[in-house]
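Chains as they are written, first to last, in my numbering: chain A, 523 to 892; chain B, 523 to 892.
Any given hint might turn out to be false.
No distinction is drawn between identical chains; accordingly, a pair holds when it is met within one copy or between any pair of copies.
To be verified - Each computed EDC-like pair below joins lysine to aspartate or glutamate, with the alpha-carbon atoms no more than 20 Å apart:
| id | residue 1 | residue 2 |
| --- | --- | --- |
| 1 | K760 | E870 |
| 2 | K856 | E887 |
| 3 | K607 | E618 |
| 4 | K752 | E741 |
| 5 | K619 | D854 |
| 6 | K740 | D536 |
| 7 | K564 | E786 |
| 8 | K822 | E539 |
Calculated directly from the structure, the hints in this document are not laboratory data.
Source: prediction; values computed, not measured.
These are the residues of each chain, in order.
Number of protein chains: 2
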Amino acid sequence: MGIFNVELKKVVDDSYEIETGFDLKTKLVQDIKNGLVGNIKKFAIITDSIVKDLYANDIYKEITENGYSADLFVFEAGEKSKVRKTKEVIEDAMLEKGYKRDCCVIAVGGGVVTDLAGFIAGTFGRGVPFINYATTLLAAADASVGGKTAVDTPLATNLIGLFNQPEKVYIDIATWKTLPDEQVYSGMAETIKHACLASNEFFVYLNEHMEEILNIDKEACVHIAEENCKIKYNVVMKDERESGLREVLNLGHTVGRAIETVSEYELLHGQAVAIGLVAEVKLSYKLGYMTQEECDEVIKLLKKAHLPTEIPEYIDREVLVKKLYTDKKVRDGKLRFVIQRGIGAIVEFEEGVFATPISEDVAREIIMSM
Amino acid sequence: MGIFNVELKKVVDDSYEIETGFDLKTKLVQDIKNGLVGNIKKFAIITDSIVKDLYANDIYKEITENGYSADLFVFEAGEKSKVRKTKEVIEDAMLEKGYKRDCCVIAVGGGVVTDLAGFIAGTFGRGVPFINYATTLLAAADASVGGKTAVDTPLATNLIGLFNQPEKVYIDIATWKTLPDEQVYSGMAETIKHACLASNEFFVYLNEHMEEILNIDKEACVHIAEENCKIKYNVVMKDERESGLREVLNLGHTVGRAIETVSEYELLHGQAVAIGLVAEVKLSYKLGYMTQEECDEVIKLLKKAHLPTEIPEYIDREVLVKKLYTDKKVRDGKLRFVIQRGIGAIVEFEEGVFATPISEDVAREIIMSM
């Protein structure tokens with residue numbers, strides 16, 4: 523009968539800064555004073571039960587002592603909290619405390635906090651600004667560029683969420699010193715992944731400086747934080763909606779994500795990704811894209827970072843194979859893997875296609891061999 | 523230590539068509555065949571328990587008979603279902619059935635369905651496309667332009683959600699014939715609101731054609747569907763993020779939303795908005811922006827559409843006053859109202875400011891007088 527055209531073409535500028543440094547909380551408040559989030563005076567600081575006492579309390583004090591209104595919203599630390607229920611509880615707590623659309627969310631913590639808080643900010647009042655204050659290597663490597671936020675569900679990890687860009691990211695290396703060793707190791711997995719997919723030079727650097735990094739040497743840590751941002755940014759800016767190229771960041775994640783879920787989050791994300799990277803280099807070798815030596819080098823570097831390189835005994839291999847089908851790269855019911863070429867590059871199967879279908883039999887064979 | 527700039531400036535085109543007509547399901551499938559949503563072959567049809575048998579089943583058949591894969595996801599009809607739990611149940615059902623990011627959501631129903639399904643589409647796999655097939659006057663008036671999607675929470679309506687634009691909106695007037703009278707009346711409230719805020723001419727038209735409209739006369743219905751789109755679009759295109767001008771669409775909603783919640787959804791959305799419009803014209807009169815005659819005209823037109831114009835006896839007035847503070851227009855703890863000027867215009871209090879602070883005492887006085 524009639525067509526009405528809704529024209530909604532516009533220029534969107536989601537640009538933001540990532541600041542790397544030591545003890546950035548004074549800088550954060552200074553930025554807020556200088557208008558980082560406009561005239562907003564009310565801040566919801568979202569953090570977990572561990573980070574609360576380590577830094578979030580201090581940030582809360584710094585903000586309130588400077589005349590702003592703020593509240594801490596704390597959930598139990600761990601990937602198990604990255605679920606819709608936690609989102610709901612925090613939303614209700616914010617509403618209870620009178621938060622409206624004129625607020626800003628500050629995520630203080632690791633990847634779980636930034637994923638969850640970014641998602642909360644994205645749907646609270648249909649979107650309020652948020653700031654990422656990353657306190658872990660993993661958050662610095664994984665969550666600071668790309669705008670991906672999400673929660674897990676019983677059937678899949680990270681499938682319910684949003685693309686939502688922060689107003690600014692702070693990577694505070696001072697906070698890394700207080701991380702349990704296991705968390706530092708875990709954070710190295712995404713860093714090694716970045717080297718594998720984009721830079722042989724960075725891979726060599728990691729090999730040569732792993733000890734300093736694990737001891738949180740300032741210079742080495744700033745270098746890897748910046749390299750991580752650079753590599754991820756180069757991928758993400760070319761493909762914000764994860765239509766093609768961005769899938770390269772999924773290197774090691776096909777098996778990694780599945781094993782993380784099957785382990786019921788006994789494995790930290792980085793540990794699961796490390797195992798996933800090993801599965802992937804084995805597959806890459808099988809497909810002729812890596813030499814045995816290159817595979818061994820990757821496995822050696824993962825071990826140097828104290829990361830697991832074998833599937834733990836308690837994981838049921840068949841359950842794991844079945845779980846692979848919950849991966850978001852699955853198309854038309856077929857498993858798809860990102861494959862690296864040597865060290866520092868990714869195979870482009872056809873123009874713009876960076877993941878290739880792999881039969882269940884081949885995937886099972888790799889998994890059974892680990 | 524170092525600043526890394528993430529540049530994310532880009533042109534976004536969220537334009538879409540609204541098609542108004544009779545029995546549009548064949549047109550829907552034809553559009554899909556012609557690439558409306560690219561190569562997507564899998565459709566999640568989200569609907570409610572009433573609309574399922576009336577139209578969604580037919581749309582399901584039409585789609586599957588044309589070689590596409592589809593499933594129906596049905597929730598219990600009513601505003602009470604527009605909650606996070608329903609979103610979760612549908613997401614899990616979609617995951618259970620193997621839905622990934624390569625799917626499209628089709629919302630078939632009224633405002634509750636389109637609000638909920640649009641929100642689900644916006645966060646499923648971090649966003650999949652969705653199509654609105656609006657089957658009620660209210661959905662046509664309210665949900666087809668603006669991209670607002672949301673769920674209600676115990677503490678506030680519509681505060682958790684997203685701005686998410688559909689790929690296309692179908693307004694199928696054939697479906698209006700099957701609506702219960704109460705739903706048709708309810709749908710008129712947003713239409714009358716649009717006339718109040720933007721067009722005296724449209725207000726006169728409604729006054730003269732109310733009987734035909736309520737009898738679902740084709741010509742009259744197409745006219746009001748198109749006028750609704752036009753008025754809303756003119757506001758929304760100027761202010762997609764609801765920063766200023768768009769608040770005019772909130773006319774009557776300050777009290778309306780609150781009363782809808784306090785009634786525990788005994789009142790339909792449109793009925794609540796009608797009462798809210800009466801509160802607002804009384805306030806407008808009190809502030810000197812409307813004459814007594816103009817107020818009476820608005821109340822008369824609402825009555826002509828069989829809409830309530832008084833606060834029901836069972837509503838606790840003090841609870842209602844308190845509930846006003848959950849309104850999203852509240853700033854710095856102060857109630858804010860949109861005020862109409864005569865019939866067909868809105869008061870602009872200062873440049874770009876269309877809502878004005880109102881003291882609790884004045885709000886209470888108006889509410890007590892109804």
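For each hint, the structure was consulted:
no. : hint        : result
1   : K760 / E870 : within (15 Å within a copy, 42 Å between copies)
2   : K856 / E887 : within (16 Å within a copy, 64 Å between copies)
3   : K607 / E618 : both (16 Å within a copy, 19 Å between copies)
4   : K752 / E741 : within (17 Å within a copy, 59 Å between copies)
5   : K619 / D854 : between (46 Å within a copy, 13 Å between copies)
6   : K740 / D536 : neither (30 Å within a copy, 45 Å between copies)
7   : K564 / E786 : neither (36 Å within a copy, 30 Å between copies)
8   : K822 / E539 : neither (34 Å within a copy, 56 Å between copies)
The structure fails hints 6, 7 and 8 (numbered hints given earlier, in ascending order).
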